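There are 2 protein chains.
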Amino acid sequence: MGLKVYADRMSQPSRAVVIFCKINGIDFEEIRIDIFKKQQFSPEYKAINPMSLVPAITDGRFKLFESHAILIYICCAFPGVASHWYPGDLAKRAKIHSVLDWHHSNLRRGSVGLVFNSILAPVNGFPSNPRAAKEGEKILLKSLSKLETFWLKDGRFLVGSSQPSIADLSLVCEIMQLEFLSEKDRNRILSPYKKVLQWIDDTKTATAPHFDEVHGILFKAQKVIRERMKAESGKSELKSKL
Amino acid sequence: MGLKVYADRMSQPSRAVVIFCKINGIDFEEIRIDIFKKQQFSPEYKAINPMSLVPAITDGRFKLFESHAILIYICCAFPGVASHWYPGDLAKRAKIHSVLDWHHSNLRRGSVGLVFNSILAPVNGFPSNPRAAKEGEKILLKSLSKLETFWLKDGRFLVGSSQPSIADLSLVCEIMQLEFLSEKDRNRILSPYKKVLQWIDDTKTATAPHFDEVHGILFKAQKVIRERMKAESGKSELKSKL
Chain R
834 MGLKVYADRM
844 SQPSRAVVIF
854 CKINGIDFEE
864 IRIDIFKKQQ
874 FSPEYKAINP
884 MSLVPAITDG
894 RFKLFESHAI
904 LIYICCAFPG
914 VASHWYPGDL
924 AKRAKIHSVL
934 DWHHSNLRRG
944 SVGLVFNSIL
954 APVNGFPSNP
964 RAAKEGEKIL
974 LKSLSKLETF
984 WLKDGRFLVG
994 SSQPSIADLS
1004 LVCEIMQLEF
1014 LSEKDRNRIL
1024 SPYKKVLQWI
1034 DDTKTATAPH
1044 FDEVHGILFK
1054 AQKVIRERMK
1064 AESGKSELKS
1074 KL
Chain L
834 MGLKVYADRM
844 SQPSRAVVIF
854 CKINGIDFEE
864 IRIDIFKKQQ
874 FSPEYKAINP
884 MSLVPAITDG
894 RFKLFESHAI
904 LIYICCAFPG
914 VASHWYPGDL
924 AKRAKIHSVL
934 DWHHSNLRRG
944 SVGLVFNSIL
954 APVNGFPSNP
964 RAAKEGEKIL
974 LKSLSKLETF
984 WLKDGRFLVG
994 SSQPSIADLS
1004 LVCEIMQLEF
1014 LSEKDRNRIL
1024 SPYKKVLQWI
1034 DDTKTATAPH
1044 FDEVHGILFK
1054 AQKVIRERMK
1064 AESGKSELKS
1074 KL
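Heads up: the sequence lines are chains R and L, in that order. To convert, note that position 69 of the first sequence is 902 in the numbering used here; the numbers rise steadily by one, no gaps. To convert, note that position 208 of the second sequence is 1041 in the numbering used here; the numbers rise steadily by one, no gaps.
Warning: the hint list may mix true and false statements.
Intra- or inter-copy, both count: the list cannot distinguish identical chains.
Calculated pairs, PhoX-like style, for lysine-lysine (alpha carbon to alpha carbon, straight line, at most 20 Å) [said to hold, decoys possible]:
| hint | residue 1 | residue 2 |
| --- | --- | --- |
| 1 | K1017 | K971 |
| 2 | K896 | K925 |
| 3 | K925 | K837 |
| 4 | K1037 | K855 |
| 5 | K1027 | K975 |
Think of the hints as simulated: they come from the structure by calculation, not from any bench. All of these numbers come straight from a predicted model, not from anything done at the bench.
Sequences are here, hints too, so could you generate the full structure?
In structure tokens, the structure reads:
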């Protein structure tokens, strides 16, 4: 009857919750909900999260979904979580809520819009949507610029902190989704943002070795997808030459 | 140096914050940032909220934006706010975070997508975007259905509460934006959702007389917009008859 985390490590908010539990030594059971097998639509899972999204948790009879709400709940319900993850200080906590709220309609919306519509949809047999991908990229670039010039302007981590909070982990896991793009596209998008790149590295270091371990499936999938895309582009090149 | 709320009552999250301060007898100064006059882009306002959105607050030297974060901050920083707005109980508070997080990419995204692209954009001289409006309506209808069947299933207010929380106020202020649509469209969209309609009324009653007072500008604007749209549609009818 302890903490159960329903997650698919291909999902960025799932990874944030799993890494967070691991780094804080929380005793939990990870239950895989394979989104590509549509397990999130099973009646059993819908009884936990009727929105059919991952992650969700149960803690005894208590059920919860939405990753930010889950991270805050774990910070408060489990003893031993270091205070920098979700500080008790009112002003610091308010700033963390602010950046987490901002995330929804900015970084997350941009990243999902771009990566899903340009890569994950076609790879999983859905039609690609270049218009939605383009809109997503526009929102993503604007969000990265705000991260560089505002959210990261006062410290190594978000909102002027010297240690990571749940917001750093959540947002960096989102940006990791760009690994699905071609290396050229990923670099084109991220390389102008030096502070963002440093912050990604700092967050990885602060959550090692769990960060890379939990992202393992993403790197495997990335390799397969990049090879497949290379082959596809080779085919089209060949076709255009014939 | 007390609490200052930077708001435009045409904006739904601005209204939620202003109503909340009034109902809780909080001493604050409301400073109008007229979004149709683009005052949110002034250097003075960008020093408070670099995202150029309303609302934002200052409390002495402390600055904050994102309405959910603001509401939570006020609940915690000002004595005398009744606990039902943001309960101290961990599980209840987590559920409120969950519905507020859900709001961003669902109800809010749907409502803004529909109302801005079909009504507010053309009225303010921007091109209307029927595709984005249609997408918004789709998300909005799905969100209303989740409100009816899930979020309101266990009580008069969200997440099984018998008294309103900051989430009720925030989400109901969002739905009020539908008043900008024609009466026919508003009723077509909302009338299937009986629990939602009752909940809107209950939230209005629980926050009277401030709810209607703060929405005054919306009702005035609604009248002007509906008359203008009627005249436009009359013109097109006349044209088609000639």
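Each hint tested on the structure:
1. When the C-alpha separation of K1017 and K971 is checked against a cutoff of 20 Å, the pair qualifies only within one copy, where the shortest distance is 17 Å, while the shortest distance between copies is 35 Å.
2. With identical chains, the CA atoms of K896 and K925 are at most 20 Å apart between copies only, with a shortest distance of 11 Å across copies and 27 Å within one.
3. When the C-alpha separation of K925 and K837 is checked against a cutoff of 20 Å, the pair qualifies only between copies, where the shortest distance is 19 Å, while the shortest distance within a copy is 29 Å.
4. Only within a single protomer do K1037 and K855 lie at most 20 Å apart by alpha-carbon distance; the minimum there is 14 Å, versus 44 Å between protomers.
5. For a Cα distance limit of 20 Å, the shortest separation of K1027 from K975 inside one copy, 15 Å, qualifies, whereas the shortest one across copies, 40 Å, does not.
Consistency note: the structure conflicts with none of the earlier hints.
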